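Number of protein chains: 4
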Amino acid sequence: MRVVAFSDAVFAITITLLVLEIRRPADDTNLLHGLLALWPSYLAYAVTFLFIGQVWANHHVMFDHIRAADRVVLLLNILLLMVVAFLPFATSVLAGALHTGDWQRTAVVFYCIAFDVTALTFNAVWQYACRQRLLSDALDSAGATAIGRRFQLALAWLAIAALLGAALPVLGLAGIVAFNAFYWLPIRGESPARRLKGDAG
Amino acid sequence: MRVVAFSDAVFAITITLLVLEIRRPADDTNLLHGLLALWPSYLAYAVTFLFIGQVWANHHVMFDHIRAADRVVLLLNILLLMVVAFLPFATSVLAGALHTGDWQRTAVVFYCIAFDVTALTFNAVWQYACRQRLLSDALDSAGATAIGRRFQLALAWLAIAALLGAALPVLGLAGIVAFNAFYWLPIRGESPARRLKGDAG
Amino acid sequence: MRVVAFSDAVFAITITLLVLEIRRPADDTNLLHGLLALWPSYLAYAVTFLFIGQVWANHHVMFDHIRAADRVVLLLNILLLMVVAFLPFATSVLAGALHTGDWQRTAVVFYCIAFDVTALTFNAVWQYACRQRLLSDALDSAGATAIGRRFQLALAWLAIAALLGAALPVLGLAGIVAFNAFYWLPIRGESPARRLKGDAG
Amino acid sequence: MRVVAFSDAVFAITITLLVLEIRRPADDTNLLHGLLALWPSYLAYAVTFLFIGQVWANHHVMFDHIRAADRVVLLLNILLLMVVAFLPFATSVLAGALHTGDWQRTAVVFYCIAFDVTALTFNAVWQYACRQRLLSDALDSAGATAIGRRFQLALAWLAIAALLGAALPVLGLAGIVAFNAFYWLPIRGESPARRLKGDAG
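Protein chains in written order, with my numbering: chain A, 1 to 201; chain B, 1 to 201; chain C, 1 to 201; chain D, 1 to 201.
Everything labelled a hint here was simulated from the structure, so no lab data went into it.
Being a predicted model, the structure only gives us computed values, none of them experimental.
There may be inaccurate statements among the hints.
[What the hints assert, rightly or not] Covered stretches of chain C (chain A as the covering partner; in silico rule of three or more C-beta atoms under 8 Å from a C-beta of chain A):
1. 5 to 13
2. 82 to 95
3. 102 to 112
Ideal Cβ positions, reconstructed from N, Cα and C, are used throughout, including at glycine.
Please put together the full structure from these sequences, using the hints given.
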């Protein structure tokens with residue numbers, strides 16, 4: 001499926017480009033101190049990596065249920081990819097501010113907003129597909145609503161993280177970390193193993 | 001299909017590399033001001049991203065109708081990819097000129113020409129495939145002409161944008177933005193949803 | 001298969017980004033001397049390239065035997081990819097230290113630890129899949145144990161390389177080079193050719 | 001087919017990373033002059049792009065005829081990819097020397113050798129596959145010899161280009177340009193169009 005394969009490639013490239021934002025310490029510094037001083041870069045790298053991993057997984061969940069795509073779906077999906085491919089820049093801004101200690105509030109809010117706009121584009125694709133009846137017949141109305149709720153929760157959660165970050169930067173970051181934990185960790189009784197072989201997607 | 005998969009990968013990588021041209025503000029500037037001052041980079045990023053998204057979609061339209069490729073098709077397609085993969089450089093030139101305010105005319109014309117050469121390589125692939133009768137039998141002569149007209153329109157549109165940009169830079173940019181809008185927005189009655197599942201491409 | 005295709009893309013991108021760490025000599029130096037002086041970069045490039053090539057091959061061996069993935073497998077696999085995508089940074093640190101001659105001990109240990117954490121994530125995926133009975137029925141208990149032993153050997157080998165590197169940097173590097181040789185070179189009677197055509201993976 | 005898909009990804013990424021070596025002119029120079037002064041970068045970009053395009057096409061020709069891969073084939077193929085992924089660095093060295101006018105002999109020879117080592121790894125894969133009888137039954141002995149000759153010709157051609165470049169840099173470059181022309185341009189009666197649809201590769 002073209003749209004999903006193309007999107008997957010963009011996710012994979014974005015996630016791998018994140019490391020380019022981490023620069024090795026200058027030659028004249030103590031290397032061990034220099035490597036330890038890069039903790040903001042490592043933290044930002046890990047948080048964004050896990051977030052894009054979620055984006056990838058949820059993008060599949062979403063397109064598993066969309067049976068047909070018109071031009072608006074393609075456009076909304078390109079906007080989604082445009083926001084995701086922008087995340088390495090937001091990550092670099094966050095790491096820089098945590099490193100110097102200056103402008104952390106601005107950097108954290110910017111970072112949270114970038115994540116929240118990603119959630120916004122997810123909601124746009126899903127709401128449009130629901131209204132235009134582009135969903136698979138195998139998904140009933142309750143199922144569509146459940147997925148939509150999940151995406152709305154992400155939108156609200158990340159908006160709150162941005163607001164918390166505006167009050168106290170560390171709270172915004174904690175909100176993002178909690179977001180990653182909540183969406184990645186398995187919930188008891190919810191996570192059936194999916195067969196890998198013969199998976200057409 | 002090898003040629004299309006390889007081309008898709010180049011499109012996906014190019015589109016994702018665009019963000020590398022955006023550098024975070026220097027540590028000693030006000031971060032909010034610095035982020036706002038990067039608006040030329042954001043604008044150039046978005047315009048090129050949407051344009052390459054169109055290139056990707058139209059490349060599929062084109063190769064959906066080409067049933068066989070000889071060595072000339074492969075060569076013309078490689079030239080097409082060479083121009084597309086060059087676009088991040090043109091984008092960087094544009095963003096730099098908009099940022100400093102110097103040499104905007106040169107930068108806009110250079111940017112428009114890069115886009116127009118992309119359209120030129122599209123036309124070259126299509127015209128060659130038409131003349132060598134490499135098109136699918138499912139496409140009748142009227143259909144082939146319609147697609148050719150669409151590609152010729154792009155060629156003319158982007159050439160005019162370059163000329164307008166030479167007169168007044170902002171007009172050239174407006175021409176490109178209008179181009180993106182025209183090719184992305186759905187036209188009433190024209191945009192049937194395509195099934196995603198079982199799509200072999 | 002989505003998980004494997006996505007992982008393959010991350011491996012391919014990571015392996016190709018390694019070259020970006022090699023910068024051409026400054027314009028005012030003798031170019032031949034400059035190119036020769038970059039031997040630490042070439043060495044680090046080749047060693048990491050071959051290592052990631054092994055990671056790619058072994059990732060396929062592993063997922064050939066995992067019949068189903070739950071959310072924990074996806075999470076552990078994302079952690080594996082996060083460590084692999086980090087390797088260009090560790091490679092850059094190693095090349096820098098070998099180039100200047102300073103802090104080589106720190107750089108070699110850092111590099112070996114990065115490799116060893118990769119092995120750790122492999123073991124985590126495999127042990128989890130074994131315990132949750134997510135393995136293919138075609139793999140008997142002895143086969144699963146043999147693969148697990150192979151991964152444990154890598155974990156121990158790379159840990160020892162880190163310890164050796166802490167004692168004498170060149171020993172740590174020799175440990176990594178020997179690791180690449182051991183896992184890449186064919187063992188007599190062990191290496192049947194696998195058919196390429198019709199290979200579903 | 002895993003090996004080919006992975007190799008394709010490395011080719012596509014390498015070809016697209018080439019543009020990162022082209023840096024926009026400094027803000028304080030006349031932009032038009034600055035863009036024109038980058039002609040060595042454009043030339044090196046185009047030559048390497050077309051060369052890697054050939055590598056991609058020939059890699060498919062080669063693996064179309066290899067029916068099975070053992071561990072040595074995988075290792076030789078990884079070495080081939082390692083050399084290809086290194087080409088952006090050689091391209092950067094060439095562009096830098098052409099730009100400053102210094103050390104052109106060294107740069108051209110280095111560039112030609114990098115191309116020739118690529119041809120060497122091609123020959124290594126093919127010779128090994130021939131000797132180990134890993135070729136498809138559909139290819140008779142004469143066909144295998146013809147492909148081997150073609151690869152040997154590339155090896156000799158690029159070695160001669162390196163020697164010519166050592167005598168006079170422009171001759172070495174001319175040798176590479178002629179190489180691209182010879183392998184890309186269709187030969188009369190030789191180039192049947194290949195069907196794209198239903199192509200399993």
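Now for the hints, and whether the structure bears them out:
Proximity of the region 5 to 13 of chain C to chain A, defined as three or more residues with a beta carbon under 8 Å from a beta carbon of that chain, is established by the 5 residues found. Counting residues of the region 82 to 95 of chain C whose beta-carbon sits less than 8 Å from any beta-carbon of chain A gives 7, enough to reach three: the coverage restraint holds. Residue count for the region 102 to 112 of chain C with a Cβ under 8 Å from a Cβ of chain A: 5. That meets the three needed, and the coverage hint holds.
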